[in-house]
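Engineer: Protein chains in written order, with our numbering: chain A, 1 to 572; chain B, 573 to 710; chain C, 711 to 1146.
Please note that the accuracy of each hint is not assured.
Each pair of labels, with its calculated beta carbon distance range [to be verified]:
| hint | chain 1 | residue 1 | chain 2 | residue 2 | range |
| --- | --- | --- | --- | --- | --- |
| 1 | B | 663 | C | 1042 | 55 to 61 angstroms |
| 2 | C | 953 | B | 653 | 37 to 43 angstroms |
| 3 | A | 558 | C | 800 | 36 to 42 angstroms |
| 4 | C | 953 | A | 277 | 55 to 61 angstroms |
| 5 | C | 916 | B | 612 | 18 to 24 angstroms |
| 6 | A | 455 | C | 893 | 56 to 62 angstroms |
If you're looking for bench data, these hints aren't it; they were derived computationally from the structure.
Small disclaimer: the values here were computed from a predicted structure and weren't measured.
Every residue, glycine too, gets a C-beta built ideally from N, C-alpha and C.
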Amino acid sequence: MRLGSLRAGLRKRAGAGAEVEAREWRGSVVLEGRARDWRSKVELGWYAAGFGYKGVVNDLEVEGLAPERPEAPGRPAGASLEGESFDVAVVGGGVVGCAIARELARWKVSVILLEKECDVAVHTSSRNDGMIHDGFAAKPGTLKARYNVEGNRLWGPLARELGIEFSRPGSLVLYDSRAAAALYPVMAARAAENRVEGWEFWGRGRVRAEEPGAPDSQRGGFFLPSAGVLSPYRATVALAECAAANGVRVSLETAVLGFDTEDARITRVRTNRGAFRAGAVVNAAGNWADHVAGYANDRFFSLHQRRGVDLVLDSRAGALQRHILAMPDLFQLHAKTKGGGLVVTTEGNVLVGPTAAEAPGREDYATSQAEMRELERHFRVNKLLSPSMVITYFAGVRPCTYEEDFVVERSDYVRNLVHAAGIQSPGLASAPAIAADVARSAIGILAERARVEPNPSFRAGRRAPVDPRRLSWEERAELVERRPDCGRIVCRCEEVSEGEVRDALRGLVPAASLDAVKRRTRAGAGRCHGGFCTPRVMEIIADEAGIPLPEVTKKGPGSPVALGRTKEAGRA
Amino acid sequence: MGETKSFVCVLCPRGCALEVDIGAPGPAPVRGNACPRGAEYGRLEAIDPRRSLTTTVATAFPGRPRLPVKSSGGIPLARLVEAARGLDSVLVDRPLRRGEVVAANLLGLGIDIVATDDLAAEELGDAMHGAGRAGEGA
Amino acid sequence: MLERLDRDVAVIGGGPAGLAAARAAASAGARVLVVEREERLGGILKQCVHEGFGLERFGEALAGPEYAAREAESALAAGAEARPGSFVARASREGGLFLLRCLRRGGAYELRARALVLATGCRERTDRQVLVQGDRPAGVLTAGLAQYLVNVQGLLPARRAVILGSGDIGLIMARRLTLEGAEVEGVYEIKAEPSGLSRNVRQCLEDFGIPLRLSTTVTAVHGKGRVAGVTLASVDQRGAPIRGSEREVECDGLVLSVGLIPENELAASLGLELDGLTRGPRADQSGACLAEGLYCCGNALHVNDLADYVSESGEAAGRAAAAYARGGPARRELLPVKAGSGVLYAVPQFLDLAAAGRGQVEAGARIYFRSNATLREGARLVLKAEGSGEVLLERSYRALRPPEMERVELELGRVPEGASALCLEISRKERGDGRD
Ligand SMILES: Cc1cc2nc3c(=O)[nH]c(=O)nc-3n(C[C@H](O)[C@H](O)[C@H](O)COP(=O)(O)OP(=O)(O)OC[C@H]3O[C@@H](n4cnc5c(N)ncnc54)[C@H](O)[C@@H]3O)c2cc1C
Ligand SMILES: Cc1cc2nc3c(=O)[nH]c(=O)nc-3n(C[C@H](O)[C@H](O)[C@H](O)COP(=O)(O)OP(=O)(O)OC[C@H]3O[C@@H](n4cnc5c(N)ncnc54)[C@H](O)[C@@H]3O)c2cc1C
Ligand code: SF4
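Generate the whole structure from the sequences, applying the supplied hints.
Structural biologist: Here it is, written out as structure tokens:
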């Protein structure tokens, strides 16, 4: 029946030269054999997702494309974990893992957060638009819709607790066709279904008054006031620091390589720093979450990758736009993600994008000329902006299941494993809500064996680093008297001082590379792109870490900024 | 018969395209030069090209790890890289003024290497804190 | 306590432009303070260890630091004061004065001045601004940053470098890297001719056998941690990569020399509109901008290729700023200077005809310009008065190239009554048929 018609349909769609088999496994369906190409593999996966299985495990091979394996990490310097024991191990230091770790800290349990990179927020959590979506665009009835709307509400108080900037400029979706008006009732119904509040329809005149740069062709728009923005990497760092301040052990450069299981329980977590015992394990491994599930023989879904590229405009651009702007193609309302637009960040830059394209490469952040061109069409949405304002661009990769929804659940088969996987867009917006549920599940697992008490000394906030930009001139002058190094500006474009860089290097989750400093302080994120601050920040890193200058890296081991010193040739 | 060599004069930003006839007896005729210095340069360049060397030498001071220097005269072009390597082992360990000799008679060519910047005593601290207060007047 | 200072003239930037302005203003009797964010005076010249500065000004070929040190000494000797290590965070007007909010280690201070000279220099265009694609490893850097690493910090940014762009700083860095023991695989230029001076092609590349490949660009960078190589492609006449011409080259660093941009955030924050071509504020022959009491000079005004010209423009600005600070606003009579056919841009954008009467202009007004095309076979420049059509000045050149800035001097008395503007035009010499 179901499997039979799926097989027939797959064969029909697979095309000549392909060989596709399907079998059931623990309520999921596994696709095996060979697909014509990557595109076809993804399409077959989507097709299979329509058959109502728990998940689609897409193991189709594609000629010329070896299955991706995580890079084997070396044994890093620092503490070994061999023989240690934790109540909960969280795998993945993205926004989701860090938010979960912080939620877990509300309980009297020992928690370790494991991140394979030398900082948190290295992958998708620092490569996105920083938008806290209103929740309107998510398909009603999905986890995405539920967590997004809930997460959107939670971010307000959470940002205050963490001391990070968060604002709600609202999202304005413009239409350029008269027929758009006919859609308004449909949109109102969708908003009601997703429980998105406060929306309004704006006429042409109102749009023009609010956004002088809106195109002349606009015919009004749909305004969603709850849409917000924040700095995704600052938010992730803040969550991790708050977790650390409450006793969570944040272990960087620590890759989970496998699990030992016994009686359908994970007993030990194996890492490049040694193996340790864990009472419960949370899988928040982003683009590798299907692999991590596989380490526990619980791979009931698989991830395909959807690239997204954004252009970053000079911070001058931020003054030319008030709201998040988009002007979607009406015929693309059902595309897998919304079509991108123009987002004003908390720092005043404007992000143009993102694109959305299926492509292999879980950590492939190379950009291409074609992607730049594709993004140019967004400039029509605000005619005050222009491509000459581009200061940089970046790519990110969304981890997507074939069901195109989040996987947030306790494993059906491994008794102490909880998944927070397939967290594609709007994963940042949803993170606080996902974290609350996941932490509850993990605590539930522990509670099956012993009583778990709330942590009475939990502090929801953290000691936020000084952010001189938010001070008045007089306050700033006072700060410089107290902290002399806050008067020495090392990044001219973003006006970052030596003091802020030192704070970042001394944080609870310390920055150790130029990029890590940039994520925390914005030194090097401005229009000169590190031309001025690089040597100065290098000197401060070397000084704080007590290492010679040539050992300073851009983004961790293997990425030194300099390859030694001059004068070495003739002296050797 | 003589031959004609053509090259760009490097003495000033104007960069005149020079042509020099060599092989004939007497001072070689130079064409294309907009000034007399170019003629002299062209004649020498055709037979014995030389360049002044501008580079850096190491210091013992973390606040100013390198000191810019130049050669007091032209070094044969073919030996320029060799001359630079010869300076790799020089270490300046005292404050000095620009113009002072840092290395004498480089490669036995009779040419000295002189400092082109000052290295003032008060700026020789560590990389950031003691860094130069040079010229501070207010 | 917030420190408060008062001066006649405030100068932002202690490079050659700012130092010359400070010296000129101090010599004219003004109380001057130079605010410089780096720990030492001299601006970008501190890191330009090569020779060739000062031929015009001092009649000798000095190294950058020598030139800078001389200028710093003479500014201080003339009575100007300087505060290195301080950063101007905000500039505004308050009453009739400029208010600068400055930060330095251990203290913030406010500086009020009657006249303000902007001498903030320029910054470099980055790989992103020329849309280099591919991975994001360490080892991609601008030539100016490479220059700082090598010349000031003594670090080697690459052992085998590819240089993109044949601007002068790129050419000079090719030689510096070679002399410091690295290998330069080649210099690649998207245009059909080098952007830098011919002498630098000769003495920085040819002297060392470093290849220069024209009509070629870098389309992508490869490498995860550190640069492992780049993809090169030949380009067509419009600069677009030609499909099928891609080739990969192994290297561990990519150094970019793809242009400089005047640094004018403070100018913009004071409400000055920037010229789309020069990307600096518009100004008259003494650097006076369209807002009263505000002057701009050096690379902040437009990108110069000669430090000597930078100092010259600083002097003019400093002198005028001192006169303004001590005498108050004066009547100006502004006549636009236009870049006509064959001219890439001309600076200043205005001549103040009334300046002659105030004794600020000695010999006359200097007009700097660049041609918009390479004219190898000779070129002719004319300066015309619009309205009367009278030719005020004519000059012949053996060659003109966009990278080589030229300068002419005009006596203000020669401008005819009733001229509505001046216009600069360049044509090929022989045929006089304009540009190509
Ligand atoms: C271009 C783009 C724009 C987007 N815009 C938005 C937006 O505006 N709003 C929004 O809400 N969402 C947006 N998203 C989605 C959002 O960024 C993600 O949903 C979110 O960042 C996912 O966070 P994460 O913690 O699950 O993943 P990640 O940030 O990828 O974190 C997972 C971490 O796990 C680590 N890891 C993996 N395997 C192991 C292992 N074996 N051992 C140890 N560590 C491991 C990884 O190194 C990684 O750091 C966007 C995404 C993209 C690509
Ligand atoms: C990397 C590089 C290499 C160059 N190489 C050469 C060369 O070889 N030969 C040549 O003739 N020309 C060269 N040039 C051009 C050179 O810049 C000029 O010749 C000359 O140095 C410009 O002088 P300036 O005073 O206008 O600017 P700069 O020398 O750049 O001085 C500007 C000064 O202003 C300061 N400043 C800026 N903003 C602030 C602020 N907000 N607060 C306080 N201080 C501030 C800066 O720190 C700097 O010291 C180079 C330029 C660059 C960028
Ligand atoms: S010949 Fe004279 S003018 Fe011409 S480049 Fe040489 S020194 Fe300059």
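Engineer: Look at each hint and say if it fits the structure.
Structural biologist: Hints, one by one, checked against the model:
{"no.": "1", "hint": "B/663 / C/1042: 55 to 61 angstroms", "in the structure": "holds (57 angstroms)"}
{"no.": "2", "hint": "C/953 / B/653: 37 to 43 angstroms", "in the structure": "holds (39 angstroms)"}
{"no.": "3", "hint": "A/558 / C/800: 36 to 42 angstroms", "in the structure": "holds (41 angstroms)"}
{"no.": "4", "hint": "C/953 / A/277: 55 to 61 angstroms", "in the structure": "holds (57 angstroms)"}
{"no.": "5", "hint": "C/916 / B/612: 18 to 24 angstroms", "in the structure": "holds (21 angstroms)"}
{"no.": "6", "hint": "A/455 / C/893: 56 to 62 angstroms", "in the structure": "holds (58 angstroms)"}
In summary, this structure violates none of the numbered hints.
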